[in-house]
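Participant: Residue numbers (our numbering), protein chains in the order written: chain A, 259 to 797; chain B, 259 to 797.
Any given hint might turn out to be false.
Derived PhoX-like pairs (lysine-lysine); straight-line CA-CA distance at most 25 Å [to be verified]: (1) B:K712 x A:K739; (2) A:K739 x B:K709; (3) B:K312 x A:K712; (4) A:K712 x B:K739; (5) A:K707 x B:K353; (6) B:K707 x A:K739; (7) A:K297 x A:K739; (8) B:K390 x A:K704; (9) A:K411 x A:K297; (10) B:K613 x A:K709; (11) A:K707 x A:K552; (12) B:K635 x B:K739; (13) A:K297 x B:K712; (14) B:K692 x B:K613; (15) B:K712 x B:K699; (16) B:K704 x A:K739; (17) B:K704 x B:K312; (18) B:K353 x B:K312; (19) A:K692 x A:K635.
Calculated from the model, a selection of chain A residues having no Cβ within reach of chain B, i.e. all distances over 10 Å [what the hints assert, rightly or not]: (20) N369; (21) D412; (22) R536.
In case anyone wonders, no lab produced these hints; they're calculated from the structure.
Idealized CB from N, CA, C, for every residue including glycine.
There are 2 protein chains.
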Amino acid sequence: MGQNSELQSRAQGIGFLVKMSGLQSLLCLFWLGSVQAGKLLVIPADGSHWIGMKPLVEELGRRGNQVVVVIPEESLSMGPSEHTTTLTFPVPHTKTQTQELVLAYMDENLNTDPSVDLGGLLISFITVETFKTFTVRNAESLLFNKELMKTLKDWDFDAILTDPLESLGAIVGEFLNISSIYIQVNHPCGAHFLASQCPSPVSYIPHRYTQYSNRMGFFRRTVNVVKALLQPLTCRRLFSHADEIASRFLQRETSMLEIMSRAVLWFVRFDFAFEFPRPVMPNMVMIGGFSVPKPKPLPQDLEEFVNGSGEHGFIVFTLGSMVSELPEVKAKEFFDAFRQIPQRVLWRYTGVVPKDAPKNVKLMKWLPQNDLLAHPKAKAFITHGGTHGLYEGICNGVPMVMIPLFGDQGDNVQRMVARGVAETLNIYDITSEKLLVALRKVIHDKSYKEKMMKLSAIHRDRPIEPLDLAVFWTEFVMRHKGADHLRPAAHDLNWVQYHSLDVIGFLLLILVTVMFVTFKSCMFCFRRCLRKSQKKKNE
Amino acid sequence: MGQNSELQSRAQGIGFLVKMSGLQSLLCLFWLGSVQAGKLLVIPADGSHWIGMKPLVEELGRRGNQVVVVIPEESLSMGPSEHTTTLTFPVPHTKTQTQELVLAYMDENLNTDPSVDLGGLLISFITVETFKTFTVRNAESLLFNKELMKTLKDWDFDAILTDPLESLGAIVGEFLNISSIYIQVNHPCGAHFLASQCPSPVSYIPHRYTQYSNRMGFFRRTVNVVKALLQPLTCRRLFSHADEIASRFLQRETSMLEIMSRAVLWFVRFDFAFEFPRPVMPNMVMIGGFSVPKPKPLPQDLEEFVNGSGEHGFIVFTLGSMVSELPEVKAKEFFDAFRQIPQRVLWRYTGVVPKDAPKNVKLMKWLPQNDLLAHPKAKAFITHGGTHGLYEGICNGVPMVMIPLFGDQGDNVQRMVARGVAETLNIYDITSEKLLVALRKVIHDKSYKEKMMKLSAIHRDRPIEPLDLAVFWTEFVMRHKGADHLRPAAHDLNWVQYHSLDVIGFLLLILVTVMFVTFKSCMFCFRRCLRKSQKKKNE
Numbered sequence: 259m260g261q262n263s264e265l266q267s268r269a270q271g272i273g274f275l276v277k278m279s280g281l282q283s284l285l286c287l288f289w290l291g292s293v294q295a296g297k298l299l300v301i302p303a304d305g306s307h308w309i310g311m312k313p314l315v316e317e318l319g320r321r322g323n324q325v326v327v328v329i330p331e332e333s334l335s336m337g338p339s340e341h342t343t344t345l346t347f348p349v350p351h352t353k354t355q356t357q358e359l360v361l362a363y364m365d366e367n368l369n370t371d372p373s374v375d376l377g378g379l380l381i382s383f384i385t386v387e388t389f390k391t392f393t394v395r396n397a398e399s400l401l402f403n404k405e406l407m408k409t410l411k412d413w414d415f416d417a418i419l420t421d422p423l424e425s426l427g428a429i430v431g432e433f434l435n436i437s438s439i440y441i442q443v444n445h446p447c448g449a450h451f452l453a454s455q456c457p458s459p460v461s462y463i464p465h466r467y468t469q470y471s472n473r474m475g476f477f478r479r480t481v482n483v484v485k486a487l488l489q490p491l492t493c494r495r496l497f498s499h500a501d502e503i504a505s506r507f508l509q510r511e512t513s514m515l516e517i518m519s520r521a522v523l524w525f526v527r528f529d530f531a532f533e534f535p536r537p538v539m540p541n542m543v544m545i546g547g548f549s550v551p552k553p554k555p556l557p558q559d560l561e562e563f564v565n566g567s568g569e570h571g572f573i574v575f576t577l578g579s580m581v582s583e584l585p586e587v588k589a590k591e592f593f594d595a596f597r598q599i600p601q602r603v604l605w606r607y608t609g610v611v612p613k614d615a616p617k618n619v620k621l622m623k624w625l626p627q628n629d630l631l632a633h634p635k636a637k638a639f640i641t642h643g644g645t646h647g648l649y650e651g652i653c654n655g656v657p658m659v660m661i662p663l664f665g666d667q668g669d670n671v672q673r674m675v676a677r678g679v680a681e682t683l684n685i686y687d688i689t690s691e692k693l694l695v696a697l698r699k700v701i702h703d704k705s706y707k708e709k710m711m712k713l714s715a716i717h718r719d720r721p722i723e724p725l726d727l728a729v730f731w732t733e734f735v736m737r738h739k740g741a742d743h744l745r746p747a748a749h750d751l752n753w754v755q756y757h758s759l760d761v762i763g764f765l766l767l768i769l770v771t772v773m774f775v776t777f778k779s780c781m782f783c784f785r786r787c788l789r790k791s792q793k794k795k796n797e
Numbered sequence: 259m260g261q262n263s264e265l266q267s268r269a270q271g272i273g274f275l276v277k278m279s280g281l282q283s284l285l286c287l288f289w290l291g292s293v294q295a296g297k298l299l300v301i302p303a304d305g306s307h308w309i310g311m312k313p314l315v316e317e318l319g320r321r322g323n324q325v326v327v328v329i330p331e332e333s334l335s336m337g338p339s340e341h342t343t344t345l346t347f348p349v350p351h352t353k354t355q356t357q358e359l360v361l362a363y364m365d366e367n368l369n370t371d372p373s374v375d376l377g378g379l380l381i382s383f384i385t386v387e388t389f390k391t392f393t394v395r396n397a398e399s400l401l402f403n404k405e406l407m408k409t410l411k412d413w414d415f416d417a418i419l420t421d422p423l424e425s426l427g428a429i430v431g432e433f434l435n436i437s438s439i440y441i442q443v444n445h446p447c448g449a450h451f452l453a454s455q456c457p458s459p460v461s462y463i464p465h466r467y468t469q470y471s472n473r474m475g476f477f478r479r480t481v482n483v484v485k486a487l488l489q490p491l492t493c494r495r496l497f498s499h500a501d502e503i504a505s506r507f508l509q510r511e512t513s514m515l516e517i518m519s520r521a522v523l524w525f526v527r528f529d530f531a532f533e534f535p536r537p538v539m540p541n542m543v544m545i546g547g548f549s550v551p552k553p554k555p556l557p558q559d560l561e562e563f564v565n566g567s568g569e570h571g572f573i574v575f576t577l578g579s580m581v582s583e584l585p586e587v588k589a590k591e592f593f594d595a596f597r598q599i600p601q602r603v604l605w606r607y608t609g610v611v612p613k614d615a616p617k618n619v620k621l622m623k624w625l626p627q628n629d630l631l632a633h634p635k636a637k638a639f640i641t642h643g644g645t646h647g648l649y650e651g652i653c654n655g656v657p658m659v660m661i662p663l664f665g666d667q668g669d670n671v672q673r674m675v676a677r678g679v680a681e682t683l684n685i686y687d688i689t690s691e692k693l694l695v696a697l698r699k700v701i702h703d704k705s706y707k708e709k710m711m712k713l714s715a716i717h718r719d720r721p722i723e724p725l726d727l728a729v730f731w732t733e734f735v736m737r738h739k740g741a742d743h744l745r746p747a748a749h750d751l752n753w754v755q756y757h758s759l760d761v762i763g764f765l766l767l768i769l770v771t772v773m774f775v776t777f778k779s780c781m782f783c784f785r786r787c788l789r790k791s792q793k794k795k796n797e
């Protein structure tokens, strides 16, 4: 209990709010007695990112590590987690303000016609602007609170686990000079591949927001090359605000990409049942699907509802943790479509309900998505293509109709469509007819179900559970104070050296010199011969 | 027993020699009853390669898979293994002839002055010539024996596990049209990275036989670029004989690189405690150190000998499974050095023994290398730098003096030297003084032992044992009839497309056109302006 009290007194004296359960106090005792346990600082990102990270953080705490999670007082979804100590810090904005920001972002996406959006250029522009605001809004509140930062330093953590979507955690890791482990799904400018020096051949690795597959024709490859050329600029624009805060706080000229290049490990939330096969680096640990829980039985009322669907089965429809409403005119298209199908529908929806809403549709504020998908009568899954739902769909082998809303969802969707396990629709121009066609296709064309079952089998057949893998590597970094043996020497080279441009220049110089000397020698010989023959003629 | 008899009758009728123990017959029964078990064809490569592969093959058999190992009647080290069925086929050469080939190869390496060998160009030339002879000598004997090949086809294997050092297995896999799993340590022309489309940035990934580390100055990077440019030519020369046999046998124009590019999985026998960190592909499974067995207690006489070394401890000295002799003049240098140290020495040596051989040296025909290295009194390991010994050294945390003889050993050694856990000497100009300096350094300078213990801790701290990983992935391929989801789309592109040269050309064309039109427009405007002003002047 000593550590617990110390922790509380240290934190409360300076305005931290400490939330610690009785179980945590017990764990503190365990921490003190255990040599193996490490001290881990966790700074998560908001929204679905926290939901995805939470199982790992809780498991690390459950295993006896001293896990301290630092979150803002006001956030969309972040809150206390089991087996950990949660510290909150004050921020000048409210949860409602953040929600408004997200809704405004989604609205812009809803109103962007994807057919005129060449290679996702417009979408990525909107994303960049939102990203810049969203990812630094908590940073200044923590970084420039000297006492809070001193407390974190005094803790002498072994490592930090953070989501680099929000720049805060990465900057704190750099300041504390401890091993940084990043957990990442998709970064808008592909910063995780740039910063880790992971080669991404543009000829078959589609750039973010292009929504291309890994098999591209000449035109698409051209767009992809152009986007790759612009990538450093995109990253610079994306991080401009964060770069400025980091430089100001660390009191030296730096950039987020430079800070991120020092990451010890990258937990990338994909596996190759989902992601297109591509090169990876030794310090990348693939943990796709690690947050999918074991399915539980449904509550009585839901079990009755889905069983009542008979042979036709039912459809699960959610648009992610951040979106439970739709503009009335869009929602109408969905109600109209559902009226015409024999399947029952469970829809997470809190928007306006029309008077003539069909009876086969059950609207809920929240639904047990994974448990429903695991039900044998689940026939299709209408989803926005967020990674959580996507892996739950794959895990349970349910074909999908995918309606991407924002961020990396369009790219995620493309990966499922390329595997023949999903159909995709644009929210911008969705109609009940289009929805009906897509739903009937994935339900009645057996190839979708068959391919999804194969994908599911491949995804679930793994030598070690991804959650265990993430736990192992986090503890590895704490045990060995880093993982230097996984850091490529590429980080010691500048851009010119990395691409061997100096060597190529030198070799070209030699080549040109040799050619020049050869040419001059030949000309010299030729002229001498000519002179001789002229002399002879003259004689 | 039915399957056993069928197997024997099928094989014996056509000249196969079937070796099957009682245990194997029992296993056959298990195979018949087990749905999960797969049918695996194994075609290994000779020498230390087979020794490295054997534990995996035996474990796959022990787990109930039907494992059929096909080997030539005469070989250096290949023979029956437990829990498997071994089939042998006649070859026109004897074991002695093969041994002579290896010795001649080693002699050439012994007499090549590495100081004049720019970036290993000479060594690689010698290697290429030996490689060409060695790797195809068994191929024709099996491939053009129609009945033997028909028998293998009739077996309807789920997959083939083969070492692509010898081309035979890869060609058989292609002919049988089954999933091919390659087990590979280092290919002389880096074919495993070429064929798997794995990016290898030349700026920090040293080419084979350069003996460079991953941190290269300008000169070394230049040599490395030149070797990379020559790589396709080296590969073509290396495979010229095998390409011809493959094309003749498969009755279509093909190449070994093309055949190898269809590998479903690559088991690469390294991990990053040994190999320099570099990009890898999703279908590469790192199983470095998988063949290191658990150490057993030493026999009574050896235990007494090593314990008699007192506080000074002892040195283990072997030059690999293929080399137990040395030219007398070289051996003398070793005896002279050992005479001057207080440590006892266990040396695997069958060459000429001088009359005044020092008493602290115990010469043996064979020694339990791993068990000796695991002994707490082991102070140093003199080794040629073959991967087996190397991983045994790492596993047991014993600093090394490394004397590379041929093949990839020079590169392996460089990796250990770069980590500060080994000293290296050239066999070409070795003297007792040089040996003494190196031995005293690794024994008395504590940094070698400390760094080696750290490396050992990192190597042994893994989420899953590499042997289990190899077993899992072999069975995965048999269960799912391949692993298409790990195959990058790069294989569908030609060289120009892969490097985006067509796109770059197109973009340059646009750029040049735009510049040309801009220039012409400017010139046009300029001329008009000039004409007007001249007119005005004239007026």
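Participant: Which hint numbers does the structure go against, in order from smallest to largest?
Facilitator: 3, 5, 8, 10, 12, 17, 22
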